[in-house]
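If you want the building blocks of each chain, they are given just below.
2 protein chains.
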Amino acid sequence: MPLYQQLHDDLATKIKEQVWRPGQLMPSETELKNLYQVAIGTVRKAIEALIAEGLVERSHGKGTFVRKPRFDNSLFRFFRFESADGQRRVPSSRIVQRQVLPATAYIANALQLKTGAPVIELLRLRSVDQQPMLAENIYLCAQRFAPLMTLATDEFGDLLYPLYERSCGQIIASANEVLTVEAITDAQAKLLQLPRHTSVVVIERLALGSDGKPLEWRQSRGAASKFRYSAEIR
Amino acid sequence: MPLYQQLHDDLATKIKEQVWRPGQLMPSETELKNLYQVAIGTVRKAIEALIAEGLVERSHGKGTFVRKPRFDNSLFRFFRFESADGQRRVPSSRIVQRQVLPATAYIANALQLKTGAPVIELLRLRSVDQQPMLAENIYLCAQRFAPLMTLATDEFGDLLYPLYERSCGQIIASANEVLTVEAITDAQAKLLQLPRHTSVVVIERLALGSDGKPLEWRQSRGAASKFRYSAEIR
DNA sequence: TAGTGGTCTAGACCACATG
DNA sequence: ATGTGGTCTAGACCACTAT
Numbered sequence: 001m002p003l004y005q006q007l008h009d010d011l012a013t014k015i016k017e018q019v020w021r022p023g024q025l026m027p028s029e030t031e032l033k034n035l036y037q038v039a040i041g042t043v044r045k046a047i048e049a050l051i052a053e054g055l056v057e058r059s060h061g062k063g064t065f066v067r068k069p070r071f072d073n074s075l076f077r078f079f080r081f082e083s084a085d086g087q088r089r090v091p092s093s094r095i096v097q098r099q100v101l102p103a104t105a106y107i108a109n110a111l112q113l114k115t116g117a118p119v120i121e122l123l124r125l126r127s128v129d130q131q132p133m134l135a136e137n138i139y140l141c142a143q144r145f146a147p148l149m150t151l152a153t154d155e156f157g158d159l160l161y162p163l164y165e166r167s168c169g170q171i172i173a174s175a176n177e178v179l180t181v182e183a184i185t186d187a188q189a190k191l192l193q194l195p196r197h198t199s200v201v202v203i204e205r206l207a208l209g210s211d212g213k214p215l216e217w218r219q220s221r222g223a224a225s226k227f228r229y230s231a232e233i234r
Numbered sequence: 001m002p003l004y005q006q007l008h009d010d011l012a013t014k015i016k017e018q019v020w021r022p023g024q025l026m027p028s029e030t031e032l033k034n035l036y037q038v039a040i041g042t043v044r045k046a047i048e049a050l051i052a053e054g055l056v057e058r059s060h061g062k063g064t065f066v067r068k069p070r071f072d073n074s075l076f077r078f079f080r081f082e083s084a085d086g087q088r089r090v091p092s093s094r095i096v097q098r099q100v101l102p103a104t105a106y107i108a109n110a111l112q113l114k115t116g117a118p119v120i121e122l123l124r125l126r127s128v129d130q131q132p133m134l135a136e137n138i139y140l141c142a143q144r145f146a147p148l149m150t151l152a153t154d155e156f157g158d159l160l161y162p163l164y165e166r167s168c169g170q171i172i173a174s175a176n177e178v179l180t181v182e183a184i185t186d187a188q189a190k191l192l193q194l195p196r197h198t199s200v201v202v203i204e205r206l207a208l209g210s211d212g213k214p215l216e217w218r219q220s221r222g223a224a225s226k227f228r229y230s231a232e233i234r
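Respectively, the protein sequence lines represent chains U and G. Numbering-wise (the working numbering), the first sequence opens with residue 1 and increments by one. Numbering-wise (the working numbering), the second sequence opens with residue 1 and increments by one.
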């Protein structure tokens with residue numbers, strides 16, 4: 001494995017372990033060069049990779065800083081429902097149910113766990129102006145996200161990804177979503193206060209860490225008639 | 001402007017002007033170094049930028065190659081309907097209607113034209129295995145896309161973006177899509193061979209050139225039950 | 001064996017930010 | 001004035017590909 005790669009991995013680990021805290025200055029090129037006994041070009045290459053991943057920022061004359069995740073951005077990055085006028089609102093969130101159960105084959109596959117491995121299931125209802133908008137089934141590896149089982153569910157707050165980071169040290173970096181439309185089940189109809197047989201949009205999301213490993217799998221359901229989803233293709 | 005940037009721009013221009021053709025080998029690092037009288041590191045940095053943009057590919061021991069635009073890729077980039085098993089198929093395409101008409105305020109706004117400016121409207125039906133899947137309304141600036149009005153519609157082929165490039169020199173580089181669900185109109189129900197009042201997914205797409213200028217606006221409609229859309233969020 | 005890209009080194013000089 | 005990152009140089013050595 002190339003030197004700059006090893007160096008990069010080492011730095012990335014230190015950032016994840018918060019040896020250097022978000023927003024803080026990390027060692028300069030020359031310091032790192034001396035610390036690791038490598039050429040300055042090698043240090044630069046390792047840091048350039050960190051920049052590409054969004055882990056650090058450099059500022060000429062100042063230094064290299066560990067980036068703090070901007071959740072006002074990522075909230076909108078991941079929450080892609082729009083109201084009819086194209087505005088995006090932060091819905092309030094309520095955890096309806098929380099339990100640990102053995103992973104089904106499908107979920108285990110998505111999260112790259114063994115079938116039957118313990119996963120946390122969260123049922124969550126998200127509302128805008130007291131109107132239920134989305135019902136979500138969320139699955140997480142029970143080991144990685146163990147702190148979520150002890151914390152009171154009414155302290156989870158309206159956004160889960162900041163919570164994952166705060167209480168479990170897990171950072172969501174990207175996601176894949178698949179959208180389909182189906183008829184609602186009776187249980188969900190009740191939860192969402194919709195008539196039976198309404199058609200709902202299902203968003204299946206696999207959320208990944210910065211290393212590309214799957215961290216969370218969720219299904220979100222909401223009334224199709226109120227649905228609006230936007231995407232950029234590059 | 002930094003040297004490596006200038007070099008990069010020069011190389012990028014030569015690629016776009018097809019001085020080196022797609023698929024062909026371009027000069028090696030040492031050749032470029034001598035040609036431009038710069039250090040080899042500078043050449044490398046310029047080429048790394050070309051790689052990041054997807055303009056070239058390098059292969060160890062072989063050399064640096066100009067990438068040929070893969071329309072089999074970009075087709076899938078933009079046509080995101082998937083069959084139930086996750087496979088993606090190339091639908092066949094038929095132009096049902098073609099006319100020039102004055103732009104409505106909405107379309108003019110989307111395409112950044114004046115209201116009433118002439119636009120080409122295409123109605124297009126896309127089928128998989130003779131089954132109609134998608135009905136599309138497509139709008140293009142009549143000036144830019146004038147050649148499309150003289151060409152026979154049965155020679156358009158199954159994909160429009162390669163056609164835009166071949167016959168009008170217009171290249172689609174990115175797009176924004178907005179998805180909604182609505183009830184089908186009677187005319188569309190007939191075209192898509194669906195029962196009345198079926199719910200359909202509507203995909204509104206604004207396709208942009210590499211300069212970010214809007215080139216095409218389209219609405220695609222297909223039965224919600226057969227719908228599957230996947231997106232990557234970064 | 002010759003040519004290519006991939007890695008790594010060691011340093012010079014500049015532009016920017018701060019005290 | 002000092003320290004930082006940004007640019008640029010000049011070359012060594014290695015691993016891969018082709019002949």
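Please note that a few of the clues may not be correct.
Intra- or inter-copy, both count: the list cannot distinguish identical chains.
[Unchecked claim] Cross-link-like lysine-lysine pairs, in silico, BS3-like; alpha carbons within 27 Å at most:
| hint | residue 1 | residue 2 |
| --- | --- | --- |
| 1 | Lys16 | Lys62 |
| 2 | Lys190 | Lys226 |
| 3 | Lys114 | Lys68 |
| 4 | Lys45 | Lys62 |
| 5 | Lys68 | Lys16 |
| 6 | Lys62 | Lys114 |
| 7 | Lys16 | Lys190 |
| 8 | Lys226 | Lys213 |
| 9 | Lys45 | Lys190 |
| 10 | Lys226 | Lys16 |
| 11 | Lys226 | Lys14 |
| 12 | Lys33 | Lys45 |
| 13 | Lys190 | Lys68 |
| 14 | Lys226 | Lys62 |
| 15 | Lys14 | Lys190 |
| 16 | Lys45 | Lys226 |
| 17 | Lys16 | Lys33 |
| 18 | Lys33 | Lys114 |
The hints are simulated quantities; they were obtained by calculation from the structure and are not laboratory data.
Broken hints, numbered, in rising order? 3, 6, 7, 8, 9, 10, 11, 13, 14, 15, 16, 18
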